[in-house]
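Protein chains in written order, with this note's numbering: chain F, 1 to 306; chain P, 1 to 265.
Please note that the accuracy of each hint is not assured.
Quick list of simulated restraints, FRET-style, between CB atoms [stated by the list, open to error]: (1) P:Thr171 - F:Leu131: 14 to 24 Å; (2) P:Ser28 - F:Asp126: 49 to 59 Å; (3) F:Ser25 - P:Ile27: 14 to 24 Å; (4) P:Ala179 - F:Leu131: 26 to 36 Å; (5) P:Ala195 - F:Thr71: 28 to 38 Å; (6) F:Gly41 - P:Ile39: 50 to 60 Å; (7) F:Leu131 - P:Lys172: 25 to 35 Å; (8) P:Arg21 - F:Leu56: 49 to 59 Å.
Which stretches of chain P does chain F cover? Using the computed rule of at least three CB atoms under 8 Å from a CB of chain F, they are [stated by the list, open to error]: (9) 16-27; (10) 86-94; (11) 100-106; (12) 233-242; (13) 252-260.
So these bits of chain P aren't anywhere near chain F, every CB distance computed over 12 Å [to be verified]: (14) Ala30; (15) Ile39; (16) Leu140; (17) Ile145; (18) Arg168; (19) Leu194; (20) Gln202; (21) Val220; (22) Val221; (23) Val228; (24) Thr245; (25) His263; (26) Leu264.
It is worth saying that the hints were derived from the structure and are not from the lab. It should be emphasised that the depicted structure is a prediction, and the values quoted were computed from it without experimental measurement. Even for Gly, the Cβ is constructed at its ideal location relative to N, Cα and C.
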Amino acid sequence: MDTNVLEVSGLTKKFGEFIAVNNISFSVREGEIVGLLGPNGAGKTTTIQMLLNVMLPTSGTISYFGKSLFTHREEILQRINSSSGYARLPWRLSAWENLDVYGYLYRVPNHRKKIKDLARRFDATDLLPILFQDLSAGQMTRIMLIKAFLNDPEVLLLDEPTASLDPDIAENIRDYILGERKKRNMTILVTSHNMAEVEEMCDRVIFLDHGKIFAIDTPQGLARRSSTSKLELMIEDGLKRLIEMAKKERYPYIEKNRFITITIPEEKIASFLTAIGRCGVVFTEIEIVRPSLEDFFLSVIHRRRV
Amino acid sequence: MKKFSWTRVWGVIIRHLYNFRRTFDRISDAFYWPSLDIIVWGLTFSAISKTQQSIPAVYITNILLGVILWYVVWRGQYEITVNLLEELWSENVVNLFSSPLTLTEWTVALLSLGFMKLFLTVTFTATLAWFLYAVNIFRLGLLLIPFLVDLLIVGWWFGLFVASLFLRWGTKIQTLAWAGGYLMMPFSAVFYPLASLPLWMQRIAVWLPTTYIFEGMRTVVATGSVPVDFIVKSSLLNVVYLTITLGLFISSFHKAKMRGFGHLR
């Protein structure tokens, strides 16, 4: 896992005065799964489009396998592939016909057998004769994923890969992706709004905001940057006293039917529990919810709004 | 060094052939409109020649030849422009060019489709003209070939010109895919001699290769010999226009890529 298969340096994209991606640099190692996260308008899709060579950067370089994407385009695109939960294929062609076309474009040997095998794996055999326009959003996503795996890519760029999928199919696809990574040491760059998915799949997360890299870390590392936890209690006695204490310490809280959730810095939990015990607050249930990647995501959004 | 792949060219061709057999619009464009043109023009001139004895019989041959050969130009440009529109409508440009497909391969595929469907349309319309009016354009034999080639090249460069406009302005101007070629028609002396045009139109017509091709074809029908000077003039003009429109097309493609193919609508 030491070889960098993707290196991005000083990547910038301007549309007139607007800077969509602002001088970002990062690398992805062989076999690594990296999440590209950020709020809407952070520059994720623009970055992915530049990585696929369907948009030219204003400045900066992109290299795969040690070769420039701009000078070795065909060689590199033959070894990578992509899928987007929102991308579409020609709607008047059947799923099979569309995949057949991409079998030729990627010059996949014996591609018709490969399509059948992948369709079986993604539970999509029945979808192949159907016109693309007649597929549901989730079914289209599965066909796009078959396209993405047709050429056994060494690097896979996935933009919201499980958007519109039912949870069981999303899980099946995540399992397949993780299995392929294990089997072929495939490298994956993925964007997703599903934080649990990112935490499950990704080794590292690149967090973009306003076109810049805001943070690069493991999902757990990013989650830890959000210092607040949630303390959930079911109160038997002393609810009013507890609320007074939370107000005094300026901890935000939500109370409903004797259940109370208090947002509190992680290091203050122990002392707060001791304090409420001294005041005679009696609780029958307690749960401490550690900060997650979603909390980090939300904290960035809140910071943006402020 | 970029490697040209005929497999990828075939991938693009088969994509449009799959679409052709499933789309009534494309089938009617290939058969219905040409049939209607042959029938209406043929009937009109048959009726006129019956009432006006002074009209020579060769007129109907020239008119139907004009109709059939104009479809060569139209077919060449149509395969480039409408097939680009198909990709824009289905938001498939990002998928296509995130694969190893090159612009050269894509262009060659569309030009080849024009060439393949040219046979389909010309054979169909010529057979219809022979069946309905006993006008056999194939009696001109090999003399037709240089004219057909020149006309196809006109269709190609005009198609590349319109495709360049689509890459800049998208589907807002999509009507040019069907109607654009007809801009040249009045100036091209398709159905009438160049000399019959007003002077201002003649000044424009002399810069169009189609003018020399249709004038040349009428000379072939009348005399049975090929006017070489007409073929040379039309070919030279074609080389100039093809070079210019190829440059424009490549430049428009590059500009579209700067904006991002995802923004093409």
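Just want to verify: Ile39 of chain P was marked as not at the interface with chain F; is every Cβ pair farther apart than 12 Å? holds (29 Å)
Minimum Cβ distance from Ile145 of chain P to chain F greater than 12 Å, as the annotation requires: holds (31 Å)
Minimum C-beta separation from Leu264 of chain P to chain F exceeding 12 Å: can you confirm that? Since the minimum Cβ distance to chain F is about 10 Å, Leu264 of chain P lies within 12 Å and the statement is violated.
For the region 16-27 of chain P, do three or more residues have a beta carbon lying closer than 8 Å to a beta carbon of chain F? holds (count 4)
Report holds or violated for chain F covering the region 252-260 of chain P, Cβ cut-off 8 Å, minimum 3 residues. Holds, because 5 residues of the region 252-260 of chain P bring their Cβ atoms closer than 8 Å to Cβ atoms of chain F.
Grab the minimum beta-carbon distance between Arg168 of chain P and chain F and tell me whether it stays above 12 Å. Fine: 16 Å to the nearest Cβ keeps Arg168 of chain P off the interface.
Non-interface claim for Leu194 of chain P: all C-beta distances to chain F beyond 12 Å? Fine: 43 Å to the nearest Cβ keeps Leu194 of chain P off the interface.
Looking only at beta-carbon atoms, does the pair Leu131 of chain F, Lys172 of chain P fall within the given range of 25 to 35 Å? Once the Cβ atoms are compared, 27 Å apart, the range 25 to 35 Å for Lys172 of chain P and Leu131 of chain F holds.
Given as covered by chain F, does the region 100-106 of chain P meet the bar of three residues or more with CB within less than 8 Å? Held - the region 100-106 of chain P has 3 residues with a Cβ nearer than 8 Å to chain F, which meets the minimum of three.
Are Gly41 of chain F and Ile39 of chain P spaced within 50 to 60 Å by their CB atoms? holds (57 Å)
May I ask you to test the hint 49 to 59 Å on the CB atoms belonging to Ser28 of chain P and Asp126 of chain F? 32 Å Cβ-Cβ, so the 49 to 59 Å window is violated.
Distal placement of Val228 of chain P relative to chain F, Cβ over 12 Å: With a cut-off of 12 Å, Val228 of chain P remains clear of chain F, as the shortest Cβ separation is near 42 Å.
Figure legend: structure checked against the earlier numbered hints; hints not met, in rising order: 2, 3, 5, 8, 12, 25, 26.
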